[in-house]
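Fit chain B to the supplied structure of chain A, relying on the hints for placement.
Chain by chain, the residues run as shown.
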Amino acid sequence: MKYLISLAIRSAWNRKLTLGLTLMSIALSIALFIGVERVRQDAEDSFAQSVSGTDLVVGARTSPVQLMLYAVFHIGDATNNIHWKTFLDIAANPSVAWTIPVSMGDSHHGFPVVGTSTDYFAHFHYSDSQPLVFSSGKPFAGLFDAVIGAEVAEHLGYHLGDKIILSHGMGGIGLAEHADKPFTITGILARTGTPVDRTVHVSLEAIEAIHLDWQGGAKIPGFSIPAQYVTKFDLTPKEVTAILVGLKNRAAVFKMQRYVNEYQTEPLLAVLPGVALDQLWQVVGIAERALLAVSGMVVVVGLCGLVAVILASLNERRRELAILRSVGARPLDVFLLLSAEGLFITLSGTLTGLVMLTAITATFAPMIQSHYGLMIAPTFISYDELGLLGIVIGVSLLASLAPGYSAYKLSLSDGLTPRI
Amino acid sequence: MVNPVIKIENLAFRYPKADSFCLDIQELHADAGDRIFIYGHSGSGKSTLLGLLGGVLSPERGTISLLGHELATMSSSDRDRFRADHIGFIFQQFNLIPYLSVTDNVLLSCRFSARRSDRAIVSGNTLQGEVARLLDHLDIAMELRHRPVTKLSVGQQQRVAAARALIGSPEIVIADEPTSALDAERQKAFLDLLSRECIAADTTLLFVSHDRRLASGFSREIDLSSLNRAQASQEAA
Chain A
0 MKYLISLAIR SAWNRKLTLG LTLMSIALSI ALFIGVERVR QDAEDSFAQS VSGTDLVVGA
60 RTSPVQLMLY AVFHIGDATN NIHWKTFLDI AANPSVAWTI PVSMGDSHHG FPVVGTSTDY
120 FAHFHYSDSQ PLVFSSGKPF AGLFDAVIGA EVAEHLGYHL GDKIILSHGM GGIGLAEHAD
180 KPFTITGILA RTGTPVDRTV HVSLEAIEAI HLDWQGGAKI PGFSIPAQYV TKFDLTPKEV
240 TAILVGLKNR AAVFKMQRYV NEYQTEPLLA VLPGVALDQL WQVVGIAERA LLAVSGMVVV
300 VGLCGLVAVI LASLNERRRE LAILRSVGAR PLDVFLLLSA EGLFITLSGT LTGLVMLTAI
360 TATFAPMIQS HYGLMIAPTF ISYDELGLLG IVIGVSLLAS LAPGYSAYKL SLSDGLTPRI
Chain B
0 MVNPVIKIEN LAFRYPKADS FCLDIQELHA DAGDRIFIYG HSGSGKSTLL GLLGGVLSPE
60 RGTISLLGHE LATMSSSDRD RFRADHIGFI FQQFNLIPYL SVTDNVLLSC RFSARRSDRA
120 IVSGNTLQGE VARLLDHLDI AMELRHRPVT KLSVGQQQRV AAARALIGSP EIVIADEPTS
180 ALDAERQKAF LDLLSRECIA ADTTLLFVSH DRRLASGFSR EIDLSSLNRA QASQEAA
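So the protein sequences, as listed, match chains A and B.
Following numbering that gives the first Met the number 0, the numbering of the first sequence begins with 0 at its first residue and continues without gaps.
Following numbering that gives the first Met the number 0, the numbering of the second sequence begins with 0 at its first residue and continues without gaps.
Wrong hints could be hidden among the right ones.
As the list claims (entries may be wrong) - Each computed PhoX-like pair below joins lysine-lysine, with the alpha-carbon atoms no more than 25 Å apart:
no., chain 1, residue 1, chain 2, residue 2
1, B, 16, A, 408
2, A, 162, A, 84
3, B, 150, A, 15
Said to hold, decoys possible - Going by beta-carbon spacing under 10 Å, a handful of chain B positions derived as facing chain A:
no., residue
4, 49
5, 75
6, 90
7, 111
FYI, nobody ran anything at the bench for these hints, they're computed from the structure.
Using N, Cα and C, we set each Cβ at its ideal position, and we do this for glycine too.
Isolated chain B, as found in the complex:
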């Protein structure tokens, strides 16, 4: 039997010194190639969920298994390595390191993960070749690639960030409101590009947003506030 890509069971988390749980999830399950839209307004525990999946936060109880590996059994530096090898992140904005070139920003993922570096070389013959291929796919024109990243538009920056998340074909891509700074038309274009790349690589995509209108292209939609029992009980109270 193939391990599920993401398996969360009976998960609860609270921040140090907090009285109540911030996140309490009975179950969350995702298979390879799933593209899941997680709907959640601000304060619904999105950031916490991302931190837990990324292995920078540790749950108080319950388990998180990624690709059959239970995060709690790993040391923190193993979790850092696991994150580097298997997860690509795209954040809301300011995703790029200002003093690195477009290419170096994309390659950042490969610098901390030999596995992703190897896989990128297999896919594009060379690291540079794979960067060029991804940037081609994500519509970053040649002349933009040598500009300082701070001179790119927000939409261009987000697409460079997507290239960084996708390079080396990680099994999981987690996108945290990557389109919130884009206008409606560009949101759609960005989502299409991202979905296409994830389908091509059979990548599991977790897309977190407060904007429900974006949910149409995804294979599944989850409402975080109903998933998160801590939040539901607070609201009921």
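Chain A extracted, bound-state conformation:
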């Protein structure tokens, strides 16, 4: 048996060019497969951690997924807003530690504008309880100050002190602009890999101020309040879109959820972000799974190539197999010799693929993190991936039996004198 393995290795070495290329194609397919799985896993993790530390997300009654979509991802519109009085009620609840109000409806070059309070910068966490960090500047203090996410800054080329004009409504081109009340960028947030990167943050009072001379989604004709006079008005917000709630004690979360859901004055919905994000991932994750399926097919193609190469070599090796038979090799030995080759190539290909992937990840992880906010763990292999690789190796073992069986049949029919 030991000698058969050494024979298989020496025979493979003798055909190192073809088998080396086959090995590389398997290594690449494995690297792709595991790489996609890893990115998928990390994407899911970072998606699930778009918001962390928040115990409840509260909004007007709608579906939990839709509430998450607009409150956290700023996608789509709220069906209804929450009265300011309700916000104060919830904030004053004894189990509540902090609240972040979120008011939406405006945009800037397609990026959503969120009206909030400075509590946002203190209490909003993402990923593994990471706080927001300013890459430059500081939270908004003045009425027309704005804090922008990393992608907004990068995409539009903004720096501290730049003036920006907000548009009324969500969407792209052709929106009415709040041109009379420009904002100054006072802070730029470091990249998080979450929707925060794509958001422009202003104070709730500013949202109120730019809409003083608006009514029903349009500017009141012939009526304009210049920026310098807006402070003379009461800028207390009348409504917010959603509230992120942090509790003093997590154990109270279901009690608080029930309190919100049964709130008398207006119909509200409170969701646990983790649960709703999982539901949302069920929808978004289909693309990721399709990608994994495609890369799985690439592995299958690689294995088919392997079997084809070994089968093709079989004809040139009939003489070799006959010699082995003449010195006493059993047909079973011939079977093992050929099957071992396929398995050996798959195993070394898998190992090479993992080494390649680890090297690539180690090299590009900092870049990926800063560009996409995706944290790719520099592990060699995880427990879940081990399961996937187990399947790959199992399939390759089955696939390797095919050339083994052909050789077995061939050596039985050829005997000692191959008819070539």
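Same frame as chain A, but now just chain B:
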């Protein structure tokens, strides 16, 4: 009474799906130390006879006894073991495994047979020593032994193959046209070397060839086409 080395009686064989017998032999008998020249043109059933003696083919009727063991009573893996232990083969050409060294090619016989490995060690003190001794006897110069076997001439390759067939002193050596790729002078030299080694080890040699001129040095000559009744009847028809 000593068992004959080879005893074939009333043997008939046909390939699966073939209508008629390919081989039909009344009797063939060889004792230890016999060197038998089997003359046969292509298609006379040479390969079939080799396959039957090697135990990779099974006869439809009749018996083949080697060293007193009847092949038909053994399992196929027992026959493989028996072949490894007791028979050395030399083929027409391309006898060597291209990715093994000269020494490893010779040692191949010992890898599949503990018996031949043991006997080789007894004869040459070590396996390497026995390989070196045989290669010396077969005129393979020192410097050739480290070359890739594909760089050897055909004559050199055949002599390495002979060393592989002879190592561990099997009782039977079967040579299938081993000289057909050699020129006349080298044919003679190869035959002399092979005969000398077989005599030295008291080995029974079956030498199959279509070239009758080579028969002179052998103790017996058999014409396969007259031995093989299947062939004779076909030709008569």
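Which hint numbers doesn't this structure obey?
2
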